[in-house]
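Asker: Here's the letter readout for the chains.
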Amino acid sequence: MKKISKKGMNEFIQSLMADYIILAPASTDGIFSFKPVSNFEQIDLSYQNSKKPPKEVFFPQSETMFNYKNGKVESTEKVKQKKILLGIRPCDARANILLDKVFAGPDHKDVYYTNKRENTIIIGLGCSKSLSTCFCTSFGGGPFSKEGLDILLMDIGDKYLAQVITDKGREVLNHKFREATREEVRLAEKIKSEAEKRISSRVEIEGIKEKLDRMFEDLFWNKLSQECIGCGTCSYLCPTCHCFDIADEAVNSEGKRVRNWDSCMFPLFTLHTSGHNPRPTGKERMRQRVMHKFNYFVENYKEPACVGCGRCIINCPVNMDIRKVLKEILEV
Amino acid sequence: MKEREPKILAFLCNWCSYAGADLAGVSRIQYPPNVRVIRVPCSSRINPFFIVKALQQGIDGVLVAGCHPGDCHYISGNYVARRKFAIIKSFLEYIGIEKDRVQFTWISAAEGLRFAEVIKEVTEKVRHLGPIRKPVKIRRG
Amino acid sequence: MQDVQRKIREEAKNLLAAGRVDLIIGFEEASLPLRASPVFIHNEDDLDMLVWNSFCENNLATYLTKVVGRKVAVVAKGCDSRSIVALIVEGQIKREEIIVIGIPCRGMVDRRKIEKEVEGEILEAGEKNGEVLVKGDDFEGVFKKEDYLYPSCRTCKYRNPVISDILIGEKIKENTEVDEYAEVKEYEKKSIDERREYFGREMGKCIRCYACRQACPMCYCEECFVDSSHPKWIEKGLDSSDLTIWHIMRAYHQAGRCVDCGSCERACPMEINLRFLTKKINKEVKDYFNFETGLDIKVAPALATFSPDDRQDFIDSGEEPAGESQGKTKL
Amino acid sequence: MKNPYLPIPVKVGKTFIESEDRMLKTLDLLFLNKKDEENFKFIPGQFCEISIWGKGEAPFGIASSPTERGFLRFTVNRAGVITTALHYLEDGDEVGIRGPLGNHYPVDILKGKNVVIISGGFAFTTLRALIKYLLAFREDFKDITIIYGARTPGMLLYKEELKEWERREDLKVYITVDEGNEAWQGLVGFVPRIVEKMAPSPKDAYAIICGPPIMIKFTLPKLINLGFPSEKIYTSLEMKMKCGIGMCGRCNIGKFYVCKDGPVFSLAQLESLPQEY
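Chains as they are written, first to last, in my numbering: chain S, 1 to 332; chain X, 1 to 141; chain R, 1 to 331; chain W, 1 to 277.
Chain S with its partners taken away, still in its complex shape:
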């Protein structure tokens, strides 16, 4: 275990700016997102969590895949920038592992995603002050979970302890980092175990998948979907949602092919040109969203597509609560 003073951290980050683009939590009018920063002052590591999940670092909401002119195609995949994603929360780091399963599977590699992923070092920040909507521990994560991180930082007051998790992480540490004392490690352990205890919100996911296996035709979905207004907030703010649309933006035969986030909650998502829509109403769309996360994804990748970050709960305009939904599913 290494340590660095908060002032040292400032210098450390500044020193990395020469070689890396630093993406860190920064606020615009009180809304946090991961932005490229040019000095340490812009970074606010005391943040709770970002509004938009950091998946956008690897899978931007809108991304040009290639430009074209008169049939000549120029891909953007070759642009490789070394980046450091600083201060990401452990739940979001876990979400990236789930996204890897989709974008870097055995059959196809999404080069736009994998290039960014491979060229980014992820420095996480443990959550010592989780929210009541956090339920990461229900999915095997935790406020100090290391999965998906290269380095985990732990705030112990006047300094950070840094746990190096991967070789990639080890490479960026510099002389500013010292070996932590036994007391400091103990303090970190204490903060960690208190933080874990703080996560009081738990959902039972045992048996959800099997229950959903038998629930496709259930009337539950009619009931569940009626209050949903059908916006894309939950999908767009979800760190594991990965649906996208591909569209051309062009004038005549010159333009670009762009991919944009899309949401299964939108009616046009599955609308055929013929006018047929396999998911014509909110009921089918809501069912798809829940099924995809807690049944289909489990079938395909052995894990549910949720990390318990709570963003969908906090931001839903009509206060739909996925914890409640999961509970109700078990009760059906």
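Because the hints were derived from the structure by calculation, they are not lab data.
Below, a list of computed lysine to aspartate or glutamate pairs in the EDC-like style, where the Cα atoms sit at most 16 Å apart:
#1 Lys134/X with Glu197/R
#2 Lys80/S with Glu118/S
#3 Lys286/R with Glu180/R
#4 Lys324/S with Glu29/R
#5 Lys99/X with Asp316/R
Simulated coverage check for chain S against chain W, where a stretch passes if three residues somewhere in it have a Cβ under 8 Å from a Cβ of chain W:
#6 64-76
#7 103-116
#8 237-250
#9 271-277
Keep in mind that this is a model prediction, so the values were computed, not measured.
Note that beta-carbon positions come from the ideal geometry of N, C-alpha and C, so glycine has one too.
Starting from the structure of chain S, add chains X, R and W where the hints point.
Answerer: Okay, now just chains X, R and W, sitting in the frame of chain S:
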């Protein structure tokens, strides 16, 4: 460097304003060549979206002209249009698009001279404003 | 509040029991503090779920276009009732199919404003005698409700439902003093560059989740222009010009239709100031056509009608040049 | 690493309007680079995303067989933005393709078996590919029966080839139309009716069926009545697709992505999946 000539798009109603433009043409009345005309059946055919879209595509100014009130070929099209234009005009100004970028007027089929005058005036006003900024789409690649 | 809640349940019970409706749309306790959640009640056993408090911020009229053909009772504040009128005027719902449980409303509490006042997460919230009480891990707070209302509630002039079949509670005095367009007027005074910059900056926050559209009762189009691919009016990415155009046209489509319930703004996860757009549109509609949305089911929306005497001082080059008096000759 | 989103450049070769309503057009696409052509290995049933510069891309089943060299054939129904643009293309125009995508008809399983091919409307495209493929290796398969229907004689696809196949001794071909005309001497009647009437034997046989949902809905019970088990009935599904490689998330039926795990499914598979297509 020579100043960029403003690009102006004019939506002209078929029955009055377009005929007015035609009259200007056959009467050989000179007017600035900055204007590009789109003929529409009636001024009420103009969805304010057309105007906003034109500005997005880099048009510096938009003129919409229809029959004088009371003269609409479709009886009341221009009255309906007038309400739409009143709102969109002040709204665009409110969000920072100069009011002279989007102009509305009435031109009859007999007003060839007036058509030329209007085009001159619109062109001068838009030239004075300079090239459009937001919400122009910047195309890369 | 408790009294209103009890009466809502009673009336809802009567309506269901008498078979007058088969669905009640109201509010239930939310899972988060300072919130309430829309709820659909189908049978009498669930009536106890219905609540009424100062956190019932959603405009329930939004759901009415989704349950067309059913006999529905809906809990409606002043603004919701105006949306209901507007939907009836536009032929989207039928007056006789809707039972309006009207509730005079003293405004809903701006949860974000209170959240910004405290350090730490609010875990519990309640209200008493016009005060909102909140509690966190290591703090408590008391806020005077009227100081923490949503902006749309602060300037609301129709706190009593404009239509209702059942009115719960006493009518309250309308707030006629307030200048509802004060903020718009302030904004109008700014320079054009400032306005352009502010507008661009606000709309630049948009993530195109369309929560604003979905929360709005008047956005009931089968296919929104923003989704249309044929013609493709705007691109789907985050280009700032596309974002601004989306918001210009969304707001413009509200002309003569917006009741300023503030739902769009509350739904927005990015906390974009959306009302400053619709409020301006409302102001212009009022100034030009002396029209306010949703007050009378017999009056057509402003942009669906006209008068030959409408103001046209915005018309440019409006003065007819001398010597062309033949100008008005019809072709 | 190969970028699965980059289209392969091709150009339009021969084009042909198939149907009397001029809505169905066949295009042959020719590879611009020899190497791309060599690398493009597919089996009937697979599809491509065709890119039109300036418009976008959309998925289309390959209507030619890998045994036909030198071109890829597609038949396109003019319906939306991309298909309309495809209709406007002319000889020599350059477009892009991504593919081959998806799985294919179970040609290995069909070896040594009787094959019944049933189709309606313009869904016949990938089945043309299959028929061409089976004919190229004719001796590998036993009896081949083709039942194909269209609304009118003028709406039938690949009319010349149909005539050729009808003349062959080693094929049983039943062409039917919903509504005949004076010149039409063939069968008249909906596909399910003809299937019932011609009663292809289920013995040692597989049925491959592709057509509009309504035709499939009414034909499947007929096949089951004839004794075809659901494991031996295959169909190809259509879904709204974008990426074509199982990432963009819209074409799933249950856990399967039609673009990656399909579009060809056995009826047995579909019976185990949610009815959401």
